[in-house]
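Colleague: Read off the chains here:
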Amino acid sequence: MEETTFDVFARKNRGDALFHIGYIEAPDPAMARVYAWKTYDEENWFEMCIVPRSEILPVNRTDGPFAAGGRIGRSA
Amino acid sequence: MTSHDPGLPSATPETRAAFRRLILSLADSKRILGIRYSDWLLGAPSIEAGIAASSMAQDEWGHARLLYATLKDFDVDPVRIEHDRPAEAYASVDPLDAPLEDWAAVVAAMFIVDGALAAALEGVLEGGYESIGGRIGKMLGEEEFHASLAAAWAERLAGSEGEGRERFRGAVTAMLPGTLRFLAPDDDAHRALVMAGLTLSADELKGRFAEKVGGVLEGLGLTLEGAGDAEGEWDAGRGRGAGHPDEETIECARGDRNRALFVE
Chain X
1 MEETTFDVFA
11 RKNRGDALFH
21 IGYIEAPDPA
31 MARVYAWKTY
41 DEENWFEMCI
51 VPRSEILPVN
61 RTDGPFAAGG
71 RIGRSA
Chain P
1001 MTSHDPGLPS
1011 ATPETRAAFR
1021 RLILSLADSK
1031 RILGIRYSDW
1041 LLGAPSIEAG
1051 IAASSMAQDE
1061 WGHARLLYAT
1071 LKDFDVDPVR
1081 IEHDRPAEAY
1091 ASVDPLDAPL
1101 EDWAAVVAAM
1111 FIVDGALAAA
1121 LEGVLEGGYE
1131 SIGGRIGKML
1141 GEEEFHASLA
1151 AAWAERLAGS
1161 EGEGRERFRG
1171 AVTAMLPGTL
1181 RFLAPDDDAH
1191 RALVMAGLTL
1201 SADELKGRFA
1211 EKVGGVLEGL
1221 GLTLEGAGDA
1231 EGEWDAGRGR
1241 GAGHPDEETI
1251 ECARGDRNRA
1261 LFVE
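Keeping their order, the protein sequence lines are chains X and P.
According to the working numbering, the residues represented by the first sequence are 1 to 76, in order.
According to the working numbering, the residues represented by the second sequence are 1001 to 1264, in order.
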């Protein structure tokens, strides 16, 4: 089963900055939503969202953790 | 929607007993479902799926605890009901009587059993029993994530080819009859609840359930109407079939060994 890396972002309160809190791997976005919510449920998040890592576009460097996209560079 | 006072003081004894049966059967089902999910903390297809199973197990146990606490309205001691009953007294939904043998069965339980329990909770919420309404709203909020995960996995398995699909189809086929009979009982107790406005009719509950599962069932070539009759005699006292969960599971639910050492 092919899996995609999704990065997880969340904020604790309305108006807080959105932080990168981790990543999960899932076969599709529907499963990824639940995995993210259930994996990072230690806080009472105001908002959480996920992004397929392959959709994140590096801006200033080509060797950063997000640069490779997909399943490579999972330590972001 | 009519609001109903705690303990249903103006209801008939039959209606009070029927509502107690409904709440206990939902509480027991959630307790056993939590155990069945927790069996898959290890062995799930991915670490994320195992974490989700773990989290859903916690949700179900929390829901069970809240539902057991509601029984105080009916002069039932929640501590005794949680820790002093034999397996034969459990009123949990029939398809959870045995452990889930593979991930396809876990997904079927998420989709069919958990979906039916959510439909039953919606019925209780709309029935307006006052002391439980807020709690059920919170439960149904958590259940939205269970339903999302169940739907995603169910659609994936139903749309696949080969063994995964067949195992899932087999598990769904096996769970449907007992689940439907549990959700929409054709007996006097359920009719008393409907007459009192404390839950939805059998047809309405089946309709709610169909909205949740109908699309995937169609993809599997199954229908609710063709589910067939549940096995075993109906036990009107518990609101389920004549069987019961295995004794080992109930020992775990009661916490027998360690409770004797550390609590009592």
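There's no promise every hint is true.
To be verified - Sample of chain P residues with no beta-carbon within 12 Å of chain X, all distances over it, derived: (1) PRO1013; (2) ALA1049; (3) ARG1085; (4) ALA1152; (5) GLY1164; (6) ARG1208; (7) GLY1221; (8) TRP1234.
Claimed, not checked - Simulated coverage check for chain X against chain P, where a stretch passes if three residues somewhere in it have a Cβ under 8 Å from a Cβ of chain P: (9) 14-26; (10) 29-35; (11) 57-67.
As the list claims (entries may be wrong) - Computed cross-link-like contacts, SDA-like style, restricted to lysine to any residue with a CA-CA straight-line distance of at most 25 Å: (12) P:LYS1212 <-> P:PRO1099; (13) P:LYS1206 <-> P:GLU1233; (14) X:LYS12 <-> P:LYS1138; (15) P:LYS1138 <-> X:PHE9; (16) P:LYS1138 <-> X:MET48; (17) P:LYS1206 <-> P:GLU1161; (18) P:LYS1212 <-> X:ASP28; (19) P:LYS1212 <-> X:PRO27; (20) P:LYS1138 <-> X:GLU47; (21) P:LYS1138 <-> X:CYS49; (22) P:LYS1212 <-> X:ALA10; (23) P:LYS1072 <-> P:PRO1013.
To be clear, the hints were calculated from the coordinates, so they are not data collected in a lab.
Computed from a predicted model, the values in this text were never measured in an experiment.
No residue lacks a Cβ here, since even glycine has one placed at the ideal position from N, Cα and C.
Colleague: If a hint holds in the structure, say so; if it doesn't, say that too.
Modeller: These are the hints, each one checked on the structure:
1. For P:PRO1013, the non-interface assignment is confirmed: its Cβ lies about 43 Å from the closest Cβ of chain X, beyond the 12 Å cut-off.
2. Once the 12 Å rule is applied to beta carbons, P:ALA1049 is inconsistent with being away from chain X; the minimum gap is 7 Å.
3. Its beta-carbon lying about 31 Å from the closest one in chain X, P:ARG1085 satisfies the requirement of being farther than 12 Å from that chain.
4. Distance check on P:ALA1152: its Cβ comes as close as 4 Å (rounded) to a Cβ of chain X, failing to clear the 12 Å threshold; non-interface status is violated.
5. Its beta-carbon lying about 9 Å from the closest one in chain X, P:GLY1164 breaks the requirement of being farther than 12 Å from that chain.
6. Once the 12 Å rule is applied to beta carbons, P:ARG1208 is consistent with being away from chain X; the minimum gap is 21 Å.
7. The beta carbon of P:GLY1221 is kept farther than 12 Å from every beta carbon of chain X, the shortest such distance being approximately 23 Å.
8. Separation of P:TRP1234 from chain X is adequate, the least Cβ-Cβ distance of about 35 Å exceeding the 12 Å criterion.
9. Restraint check on the region 14-26 of chain X versus chain P: 3 residues with Cβ-Cβ distances below 8 Å, three needed, restraint holds.
10. With a cut-off of 8 Å between beta carbons, the region 29-35 of chain X has 5 residues touching chain P; three or more are needed, and the interface restraint holds.
11. Only residues whose C-beta sits within less than 8 Å of a C-beta in chain P count toward coverage, and the region 57-67 of chain X has 0 of them, not enough to reach three; the restraint is violated.
12. For a cut-off of 25 Å, the pair hint linking P:LYS1212 to P:PRO1099 stands: about 24 Å separates their Cα positions.
13. At roughly 21 Å between alpha-carbon atoms, P:LYS1206 and P:GLU1233 fall within 25 Å of each other, so this suggested pair holds.
14. Annotation: proposed proximity of X:LYS12 to P:LYS1138 holds, straight-line Cα distance about 19 Å (limit 25 Å).
15. Straight-line distance between C-alpha atoms of P:LYS1138 and X:PHE9 comes to about 24 Å, which keeps the hinted pair within the 25 Å bound.
16. Taking the CA atoms of P:LYS1138 and X:MET48, the gap is near 19 Å; set against the 25 Å cutoff, the hint holds.
17. Taking the CA atoms of P:LYS1206 and P:GLU1161, the gap is near 29 Å; set against the 25 Å cutoff, the hint is violated.
18. About 20 Å separates the Cα atoms of P:LYS1212 and X:ASP28, which keeps this hinted pair within 25 Å; it holds.
19. For a cut-off of 25 Å, the pair hint linking P:LYS1212 to X:PRO27 stands: about 22 Å separates their Cα positions.
20. Simply put, P:LYS1138 and X:GLU47 have alpha-carbon atoms about 17 Å apart, close enough for the 25 Å limit, and the pair holds.
21. Note on P:LYS1138 and X:CYS49: the hinted pairing holds, with a Cα-Cα distance of about 21 Å set against a maximum of 25 Å.
22. Taking the CA atoms of P:LYS1212 and X:ALA10, the gap is about 29 Å. The hint is violated against a cut of 25 Å.
23. Straight-line distance between C-alpha atoms of P:LYS1072 and P:PRO1013 comes to about 16 Å, which keeps the hinted pair within the 25 Å bound.
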